[in-house]
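Student: Sequence:
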Amino acid sequence: VPVAGFQCSLDGAAFATCTSPTTLTTLTVGNHAFRVRAVENTGTPDATPASYTWTVTPPDTERPRVTNSVGPVGKLTFARNGALVINARCDERCTMIAKATLIAPNPVRRGSQRAFTLRSKTVDSAAGATSRLRLALSARQLRIVRNSLRAGKKVRVTVTVIGTDASGNASNALRTLVLTKKNL
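Counting in this note's numbering, the sequence shown runs from 111 upward without gaps.
Simulated from the structure, these hints should not be mistaken for lab results. Misleading hints may appear alongside valid ones.
[Stated by the list, open to error] Pair ranges (Cβ atoms, derived):
no., residue 1, residue 2, range
1, TRP164, THR240, 51 to 61 Å
2, ARG242, TRP164, 37 to 47 Å
3, VAL139, LEU284, 28 to 38 Å
4, LYS291, ARG229, 22 to 32 Å
5, GLU150, ALA239, 56 to 66 Å
6, TRP164, ALA246, 20 to 30 Å
7, THR138, SER161, 49 to 59 Å
Every residue gets a Cβ at the ideal spot worked out from N, C-alpha and C, and that includes glycine.
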């Protein structure tokens, strides 16, 4: 039997003519039921409409809580291979990335300094799990930092870990540390 059109019903309302596809907008938070039935050329509606039920939940607007701590910044972690390791946690499942700015004073020119921006790879983190984010310096950057430290200068490192949950809510944790000659 040829189909002439469709009729739809949302949340128990009377069936009304609709098109395929149908887009539902401005649904309220809560349970919903949608029914659709075919209508024959004779005007007779199908006695067994198809149905679908679902729940609209309020949007997640709460930002995740992110914490970070800098792993051991010693000879093995920083000075030898040029990596700064950040241990970070998010209270819910999120993606995390670490960004850092290093400020290394020039050991020769007074008042002159070099700034480097580092970025880790993005990692997926389970709720409450500790993730290790690695910030690597290039050989050139590491050489500049080492020269500053050897000259007795202090290198300031500002680390920000950004956690973003599945709803796109983001939060960050900031930590600043100072590297000295003992980190060589």
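Student: None of the hints should be skipped; say for each whether it holds.
Tutor: How the hints compare with the structure:
1. Look at TRP164 against THR240: about 36 Å separates their beta carbons, and that is not inside 51 to 61 Å.
2. Against the hinted window of 37 to 47 Å, the Cβ-Cβ separation of ARG242 and TRP164 comes to about 39 Å, which satisfies the hint.
3. Between VAL139 and LEU284 the C-beta distance comes to about 35 Å, which sits within the given range of 28 to 38 Å.
4. The supplied range of 22 to 32 Å is met by LYS291 and ARG229, whose beta-carbon atoms lie about 27 Å from each other.
5. Here the CB-CB span from GLU150 to ALA239 is close to 57 Å, well matched to the stated 56 to 66 Å.
6. For TRP164 and ALA246, the hinted distance range of 20 to 30 Å is not satisfied, since their beta carbons lie about 46 Å from each other.
7. The hinted range of 49 to 59 Å is not satisfied by THR138 and SER161, whose Cβ atoms lie roughly 19 Å apart.
Checked against the numbered hints listed earlier, the structure breaks hints 1, 6 and 7; every other hint is satisfied.
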